[in-house]
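Given next are the chains, with one letter for each unit.
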Amino acid sequence: MFSFLDFLNQEPFRFIVGLAGVLFLTLNLSAILVMSERKTAGYIQLRYGPNRVGPRGLFQPLADILKLFTKENLSPARADLWIFLAAPIAMFIPVAIVWMTVPFTERSVIADMNIALLFFVAITSIGALGVIMAGYGSRSTFSLLGALRGAAQMISYEVPLILSLLGVIMITGSLSLVDVVNGQSGGFWHWYVWPQLPMFLIFYMSAIAEAKRVPFDLPEGESEIVGGYMVEYSGMTWGLIQASEFAGMGLMSGIVATVFLGGWQPPLPFMDLGVFNWFWFGMKAAIIMFTFQWIRWSVPRLRMDQLMDFGWKVLVPGALIWLFVTAAWMAIF
Amino acid sequence: MIVAYIFLACMTLICALGVVLSRNIVHSALFMSGAFLGVAGFFVMLNAPALAAFQLLIYVGAVTVLMLFGIMFTQRPSARSFATILNRQVWAGLAVALGFGAVLSYFLTVQDWGSVSPGNGPRQMQTFGENLLGVGGGPQIFALLFQVAAVLLFVAIVAAIVISRRRDADQEEA
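So the protein sequences, as listed, match chains Y and S.
The opening position of the first sequence corresponds to residue 1 in the numbering used here, with each subsequent residue numbered one higher.
The opening position of the second sequence corresponds to residue 1001 in the numbering used here, with each subsequent residue numbered one higher.
Only chain S is shown next, with the shape it has when bound in the complex (with noise of 0.2 Å):
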């Protein structure tokens, strides 16, 4: 379990470095596509496999390599050099980052864990699923924000079918 914390932290650090301070940037969001793999590890780790495998489907399955055709679309990917990646941002970057995991260590410090085991809850897909739904006996909220995240993805294919017609009538009129 050591073994595996400490290869897993070791794989998402080294990729998270990498994220930043890779010259070229296909390197960078491959780098990041590394580093939500150890994520992904951490949370079989966890006893979580329904969020590790959510993990990998969103994030290194569609959101890398959306950014990759992003990147490859727009401009030709060109090396940097390391003056314009350490730039006069470093300082403020650095503050954020190491803020932000004072805030995260407080919390999970200051916060009385018991005998709280990993694996224990309802992490089963279904009970999962029940939940989200309402009909579980969890909080009612989760259905709202479901039906919320249904709209809004709806919205966005409707949108992306409206920008990417071709506009045949248009272009007989111009």
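Isolated chain Y (complex conformation) (with noise of 0.2 Å):
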């Protein structure tokens, strides 16, 4: 038995049983977080959401998957069918391939690069490009606003995501997410989140940018614009980008757990797990994810030059005075 795992231990293996995991994972994880998000919003609203499939509705996610799979795939008659089609994957196989060098435990790391950071931010910058596909493959002015909207947000915030990680670099010397986590051991106090307070915030509200969530939610806009660059899906390929948000939403809350709460590190040093760590890694990921649905549901939607005089005037200064602030801090300790 052991010597089979040795085996599979080898690395063309490794990467590939890696590969699947997380795909598995990431697939999963946007099918249950659709569940929670209706879950929380019904309790949120007083009400309580999916409760017919399974016990308190906890098979949700399987009927809905089995429901768009029955689905008709359709496409506007003018479209540009291969744009149109080829964009859920361009949003959806960046968010996947990230999740590769999120470490779960030290050991537990796909692509344990000495780049990760540098690589997270590059794929997250391919997100826009896939935006851009979906709204002018679908030739519907709805459509092509979303996604005119959608890439000027992404990009915009895409400023302030990577100023608020060089503090963090700084501090660890290192671009390794490994590193980063290895950075914050030994209690709770040693979180960046402390010394990097500002740099956290700034980067929780790009993040949610990025993730085009409310109250950044312009490029879907349902009360203006229909739904935006996803107005003409249906099917799975609407379910495709629906998992591509979603997971993406997961993705930048373990981003976040892994550079500012700490990672795998338990939050007191006495209640270490050995291997079994990436629980406290999947805990505070999750607390994060459940903080994204709390606000989406708790705050109304911003306009665009307010969402626009927020990125570009209040979180890149901000980020920038905190990165001087660090600076200084480092060069006199």
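For the record, the hints were derived by calculation from the structure and aren't laboratory data.
Keep in mind it's a predicted model, so treat the numbers as computed, not measured.
Every residue gets a Cβ at the ideal spot worked out from N, C-alpha and C, and that includes glycine.
A few of these clues could be false.
As the list claims (entries may be wrong) - Not everything, but these chain Y residues come out facing chain S in the computed CB check (under 10 Å):
1) Trp82
2) Ala86
3) Ala111
4) Asn114
5) Ile123
6) Met133
7) Gly135
8) Tyr136
9) Leu148
10) Ala152
11) Gly173
Claimed, not checked - Derived Cβ-Cβ restraints for the label pairs, each shown as a range:
12) Y:Thr141 <-> S:Ala1095: 41 to 47 Å
13) Y:Asn28 <-> S:Asp1112: 49 to 55 Å
14) Y:Ile32 <-> S:Ile1014: 34 to 40 Å
15) Y:Gln10 <-> S:Leu1152: 43 to 49 Å
16) Y:Val314 <-> S:Leu1017: 42 to 48 Å
17) S:Ile1014 <-> Y:Phe276: 28 to 34 Å
If you follow the hints, you should be able to join the two separate chains into one complex; please do so.
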């Protein structure tokens, strides 16, 4: 048994098994997040949410997926069919492959790159391409408007997203996520969220904007442009776009938990679970995901100019100021 | 390794041909991002993941998106006919491409690579950054180039702000 595990631990097989595991995790994560989103919405709005399929509605994702698979996959008659069909894939794959660099415990990371944070930033910047493809390929005015909004928003909020990671990179002196987490060992007071609290808030808000969630969901804006770049999609292509959005939200939670909240490190030193430390990573990521949903059902949507002003006039200068504070602190002490 | 190389080479070449041959200019831009992805794959294969990440970040994430924005804001993307694609510049283009390829092949074959294998050399991000800032013992010219690039970007940012600024006072006077 162990010899077989050792055989699987060799390089090509380890990568293939890890890739399959990550794809499985990403797809299931988005299915479960759809259900938890609806449940959270229900409880916040004083109703039950889905509660018919299975105990307390827990099997709802299964029913949703079956329903999506049986629906017809329509496309507009004048659509640019190749781009239209490639867009959901171009949105999903980047999210899935960034999960490869996220460390679940010290040894369970598929690709332990020494530039993992740079890789994360680079892959995130591709996400705007999928949105533009979806909007252009649909040949619909609403889609194009939504895509232009989405691309503008994602490009703008990429700047504070990158800047807010720089503080942690400066303290750690490494771009590797494993090194970042190892630098936060020894209890919750060593987590980077405390010295980098403004950076944490900036990264958190930029992450919400990158995941295109309320209050930054202008690209979808169902009351004005009836769903934005995904208005023409149906069936499983729509399902794939939704999956990539929810998986992107899960990914941002995972990165927040890894970079600022200590990743797999237990909150108190005696709570060390050894190889089961992924439990702490999962708990932290799940709590961040819940706060994303909490915000979604609590605050109204911003206006487009407010969105841009907030990104460029509040988040970017704030990140720059705290960058200088961090640099000064490191130079003096 | 060979399989990965063949896959990446085919992907890069087919996408590059798609850039010049496709009839829709948006398709050309998207094919170009595919070619850039292929080049990034080559960098990964050569044990230079930092270069691959920069390739993705700058070329796929920024340049292609900027081009798509430019196309969508300026004109309605229209289908061209093959007659306009294969215009009389096709022979000049072929000559330039072949000449460039010949020069590259010449230098690659003439140069004695010895026992150099991909992955050697200062490819750690830390060494790279220190060399770029002129404190790592590398050529000092990199630090100067770094400063020049920073000044250039700063000028570009200021120019963008000046151009896109709302001229409230001017409009009130007019």
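Hints versus structure:
1. Trp82: This interface hint holds because 8 Å falls under the 10 Å limit.
2. Ala86: holds (8 Å)
3. Ala111: Holds - the Cβ of Ala111 of chain Y comes within 10 Å of chain S, reaching about 9 Å at its closest.
4. Asn114: holds (6 Å)
5. Ile123: holds (7 Å)
6. Met133: At 7 Å from the nearest chain S Cβ, Met133 of chain Y passes the 10 Å test, so the hint holds.
7. Gly135: holds (9 Å)
8. Tyr136: For Tyr136 of chain Y, the interface hint holds, since the closest Cβ of chain S sits about 6 Å away, which is under 10 Å.
9. Leu148: Leu148 of chain Y check passes; min Cβ-Cβ to chain S is 7 Å, inside 10 Å.
10. Ala152: Interface hint status for Ala152 of chain Y: holds (8 Å vs cutoff 10 Å).
11. Gly173: Given a least distance of 7 Å, the restraint on Gly173 of chain Y holds.
12. Y:Thr141 <-> S:Ala1095: 41 to 47 Å: holds (44 Å)
13. Y:Asn28 <-> S:Asp1112: 49 to 55 Å: holds (53 Å)
14. Y:Ile32 <-> S:Ile1014: 34 to 40 Å: The hint (34 to 40 Å, Cβ to Cβ) holds, given that Ile32 of chain Y and Ile1014 of chain S are roughly 38 Å apart.
15. Y:Gln10 <-> S:Leu1152: 43 to 49 Å: At 47 Å between Cβs, range holds.
16. Y:Val314 <-> S:Leu1017: 42 to 48 Å: Given range 42 to 48 Å: holds, Cβ gap about 46 Å.
17. S:Ile1014 <-> Y:Phe276: 28 to 34 Å: Given about 46 Å between the Cβ atoms, the range is violated.
Of the numbered hints stated above, the single one contradicted by the structure is hint 17.
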